[in-house]
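Chain by chain, the residues:
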Amino acid sequence: MKAVLVGPPNTGKSTVFNAIAGYKSVVSNFPGTTVKFMRSTVRLGGKSVEMVDLPGVYNLTAPYEIERSVLDYLIDEDPDVIVNILNASQLESGLPLTMELLDYHIPMVVVLNMTDEALRNGQKVNSDKLGQMLGVPVIETVATKHKGLPELVEAIRHAPKQNLVTDRGISYTAEIEAVIDELSAYIENMSIPEVLSTRYAAARLLEGESYELSKNGSIGTNGLSNTIQQMQHRLEKDKQLPVDTVLLRDRQQTAADLADQVIDETAVEARLLDRLDEWLLHPIWGYVVLFGVLVGLFYIAFGVGAMMEEPLLEGYHLLEQQLLGGLIPGTLWYVVIQSGLSGVGAGIAIVLPYLVPLLFLLTLLEDVGYLPRMAYLTDSFMNKVGLQGSAIMPAMLGYGCSVPAIMATRILNSTRDKIIAAVMSTLIPCSARSVVIMGLVGYYLGVPAALAIYGLNILVIAVTSRVLSALMPSEMPGMLMEVPPYRMPSLRSALQKVWYRVREFVTIAWPLLVAGSILLGIAQFYGLEKSINAALSPLTLLLGLPVATGITLIFGVLRKELSLIMLMQALGTHQIAAVLTSTQIMTFAIFVTFYLPCLATLVVLRKELGTRWAVTIAAITLIIALTLATSMRLIFT
Amino acid sequence: MIDTPGELLTNVPRNRKLKITGLEGGSRMRQFIRRMGLSIGSEIKLVNSAPFAGPILIEQNGNKTAIGRGMALKIKVEVLE
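Top to bottom, those sequences are chains A and B. With numbering that gives the first Met the number 0, letter number 611 in the first sequence gets 610, and the count goes up by one each step, no holes. With numbering that gives the first Met the number 0, letter number 35 in the second sequence gets 34, and the count goes up by one each step, no holes.
Each hint should be verified, as a subset may be incorrect.
[Unchecked claim] Straight-line Cα separation of at most 27 Å, DSS-like style, residue types lysine-lysine; simulated pairs: (1) B/K18 <-> A/K529; (2) B/K16 <-> A/K123; (3) B/K18 <-> A/K383; (4) B/K18 <-> A/K128; (5) A/K1 <-> A/K123; (6) A/K35 <-> B/K44; (7) A/K606 <-> B/K44.
[What the hints assert, rightly or not] Quick list of the computed label-pair ranges, beta carbon to beta carbon: (8) B/S26 <-> A/I634: 48 to 56 Å; (9) A/A177 <-> B/E42: 22 to 30 Å; (10) B/G40 <-> A/R491: 36 to 44 Å.
FYI, nobody ran anything at the bench for these hints, they're computed from the structure. Nothing here was measured: the structure is a model prediction, and the numbers come from that model. Backbone N, C-alpha and C fix where the C-beta goes; we use that ideal spot for every residue, glycine too.
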């Protein structure tokens, strides 16, 4: 059996999903998009249920990318039951979506989540009465506290097998219903997807939307459009409003009447949190706080990670030596195990110091509700590079580690925004690249030269984003984003979310790091280093670097800071300034800053955006690196 | 610019009850704000306006929505009280 969670964002939909099915969940993509949903097969009271958490939508009437993906799922995947999650304190704005879903030939269970928050807001919802009026079971929950979940599981299990085709008691006002009936009769024999009722199709056609209707086959031919236009004109003339507006307002009116009948107003608990926006969105103080948060984020991304990384790797190094103790150096086995272990070390260097703290921070900011505020305050700046405010988060995380930064692009609402933000986060020098910039340029050529690289980097990112956003115009004409109330985060669900993300990395990217490392070790063991350098010599010669530096660039793909360590090894000295000119040092650092994302980043890029985009982004970075490094060489020699 | 009565949403005082009276930009604009359940006739409040020509924040039924400045400039409202 398939149960699918549908509801507006910020209703605790994912919390409900995680609490019931999260522990076994996998992230899936909608075909052809980067829109993600969580899927998990669990046993609920002896019944195997595939649970799916669809992205949040407010209604289905405006088919942008997110809405299209939800419509696609409902129509193509044939779910057995829709679990419609509503925020109990925002019943009135949630019910219009419920009304649309009731017109699907799919059994439904309505979940009234966050009933505790509703009570604080002075609203007690009579769920029995709501259930009677909607004609479907209504279950009250507080998902963060696991309240009401057993009842929900029961309701899902016992959802009727048969389609509920009957009129379920919630409808438009009489005059609109009359027009819908008229059109329904007209289109009765046309082919529309099976899960859609005729009256749903009729309402849709009146609204002038037909995305889901025409999914399998064509509708809207043979005089149909004329009939629809006549009806539209009639309604428009009557109401003095466009038909889509008439229908929307009618649904909202019906929802408001319904909400009125089931909500008992009680005393409102004043919350200090509600007044927080006076400060956090203040034209001056808001930016002071934002700056503080960004600096804190930057510090944790940059400082704390590096601080943790060093002792961690030292400790690991000791352990490594212990493990290698019994083996004879110089044998193939020794090399295999040694490089395998250093691959494990590369994973440790990413997961513990960067991935876990940065994802935790991201989740916390998201759960508290600060993320949308951050997006609100930075929107006008991010617009300059063709993105919306929300893209500030992946960008900032990028200074720590590209892996969580690219994972964070999931908060963005369109494939196009995700791609541009991912390019941005990939180009931003992560802490490993900062090690190279500071350790090489900062140390040998001075801090101003190092800062110049960061400046150049920002310039390049701005130009690249602008070019990309001009090439891929946005489907959305601007920001349209709910700013939810502040909420106390639940540590349990925050840690759960972090764990799911880390798990994705550990199971996919880490083994590849180990394998890559072993492969390079074996290549070195068989003396392939020279051939690799020779193969890369066109590149190194183009950049004006010694041929011996070729292999360091391969190591850099495994882990960026390895390029610096291997550079010393390849040149046979720690006195790099003695063997490389200033221009060569600059060229090398610039090339390493921009060229190919590291292996872990590539894996995450592929996971988030697909193979095609991962390869394209890698190519973009390589072209930028080549252009900059060669012009660097030409300008300064 | 819009020949419907009312003032630009970006020009009205904050925290007053407003009603959307007009939208510039045809069906595309209607579709855009419909995504959040907004339309002509919606009763809203302007709660915040970000500096540097940033977005504006409105409230409808107690829910807050941020709208990009460019789009907000296409919305006309009437101050109800």
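### Query
Hey, A/K1 versus A/K123, does the alpha-carbon distance stay inside 27 Å?
Status violated; Cα separation ~31 Å.
_Please verify whether A/K606 and B/K44 have alpha carbons no more than 27 Å apart._
violated (41 Å)
inquiry  = Does B/K44 sit within 27 Å of A/K35, going by the straight-line distance between their CA atoms?
reply    = Violated: A/K35 and B/K44 sit about 33 Å apart, past 27 Å.
Margin query: Please verify whether B/K18 and A/K128 have alpha carbons no more than 27 Å apart.
Written below: Violated, because 31 Å separates the two Cα atoms, which is more than 27 Å.
* Taking only the CA atoms, is the gap from B/K18 to A/K383 under or equal to 27 Å? -> The given pair, whose Cα atoms are some 31 Å apart, is violated under the 27 Å limit.
Just tell me: holds or violated, for the beta carbon distance of B/G40 and A/R491 against 36 to 44 Å? holds (42 Å)
**Report entry** B/K16 paired with A/K123 [C-alpha distance capped at 27 Å]
**Finding:** Within the cut-off at roughly 25 Å; holds.
Going straight from one Cα to the other, do B/K18 and A/K529 come out at no more than 27 Å?
violated (74 Å)
Please check whether A/A177 and B/E42 have a Cβ separation lying inside 22 to 30 Å. holds (27 Å)
Please test the hint of 48 to 56 Å on the beta carbon pair from B/S26 and A/I634. holds (52 Å)
Checked against the numbered hints above, the structure violates hints 1, 3, 4, 5, 6 and 7; every other hint is satisfied.
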